[in-house]
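A.B. asks: Sequence:
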Amino acid sequence: MPESFDNKTADVIFASSNMNKFFEAQTILAEFGIKPIHYLLDLLEIQDDSLSKIAEQKAVSAYNETRKMKSIGAPKPSAVIVEDDGLFIDSLSGFPGPFSSYAFKTLGNNGILKLVGNNRNAQFRAVIAYCDSNETPDANVKLFESSIAGTISENIQGNGWGYEPIFIPENQTKTYAELADKNKLSHRYEALKKFADWFNNKQE
174 MPESFDNKTA DVIFASSNMN KFFEAQTILA EFGIKPIHYL LDLLEIQDDS LSKIAEQKAV
234 SAYNETRKMK SIGAPKPSAV IVEDDGLFID SLSGFPGPFS SYAFKTLGNN GILKLVGNNR
294 NAQFRAVIAY CDSNETPDAN VKLFESSIAG TISENIQGNG WGYEPIFIPE NQTKTYAELA
354 DKNKLSHRYE ALKKFADWFN NKQE
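The sequence shown lines up with residues 174 to 377 when you count with the numbering used here.
Do not rely on the hints blindly, as some may be mistaken.
Said to hold, decoys possible - Straight-line Cα separation of at most 25 Å, SDA-like style, residue types lysine to any residue; simulated pairs: (1) 355 with 313; (2) 366 with 213; (3) 208 with 221; (4) 278 with 367; (5) 194 with 184; (6) 315 with 233; (7) 347 with 264; (8) 194 with 338; (9) 357 with 225; (10) 226 with 314; (11) 367 with 320; (12) 347 with 334; (13) 366 with 251; (14) 357 with 328; (15) 278 with 213.
Note that these hints are calculated values from the structure, not bench results.
My request is simple: use the sequences and hints to build the entire structure.
C.D. replies: Here is the structure:
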């Protein structure tokens, strides 16, 4: 079910079942003067090895769902964004990658640490997918992507969510979970910044 659709001042709908993602996106987008509204939606994901394709499909699904709400008079902005991300570990041939959410639920961080070999290099990748009923009436999608290189820690460090306690971004000695300014260094920040720059220019 959607949340807070009485808020007519929002700029964009952020569709996700993950509240941590929304709160992080809300904080980041506020830096750029963009106010998201949360649409609590558990989106089915296609099975694909491409984050971009998965995010695109999720954006189309979210867009269609919000159009249904508009048809019954629920006020909201027209723009919809979704986010998909993944942890790609070199020694595991990119696993868990697009299957990061499932791998975390089934293996957890301890399970992932047991699988990692001597090569601990990894990348965190994020894709923001955007649909707008004015700009893209046929639910075409604009994508904003980012990747942050780093390494997998030897053990769990910190109390962040997801894979944050085991990922150390490049040129850092602490995991995402231990970094006070994690948002500024994250893959999600870079992807959202690209979106925000484009979105704000579009409004001018």
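A.B. asks: Run every hint past the structure and note whether it holds.
C.D. replies: Evaluation of the provided hints:
no. : hint         : in the structure
1   : 355 with 313 : violated (32 Å)
2   : 366 with 213 : holds (23 Å)
3   : 208 with 221 : violated (31 Å)
4   : 278 with 367 : violated (29 Å)
5   : 194 with 184 : holds (17 Å)
6   : 315 with 233 : holds (11 Å)
7   : 347 with 264 : holds (21 Å)
8   : 194 with 338 : holds (16 Å)
9   : 357 with 225 : holds (22 Å)
10  : 226 with 314 : holds (10 Å)
11  : 367 with 320 : holds (12 Å)
12  : 347 with 334 : holds (15 Å)
13  : 366 with 251 : holds (20 Å)
14  : 357 with 328 : holds (23 Å)
15  : 278 with 213 : holds (19 Å)
Taken one by one, the earlier hints fail for this structure at numbers 1, 3, 4, listed in ascending order.
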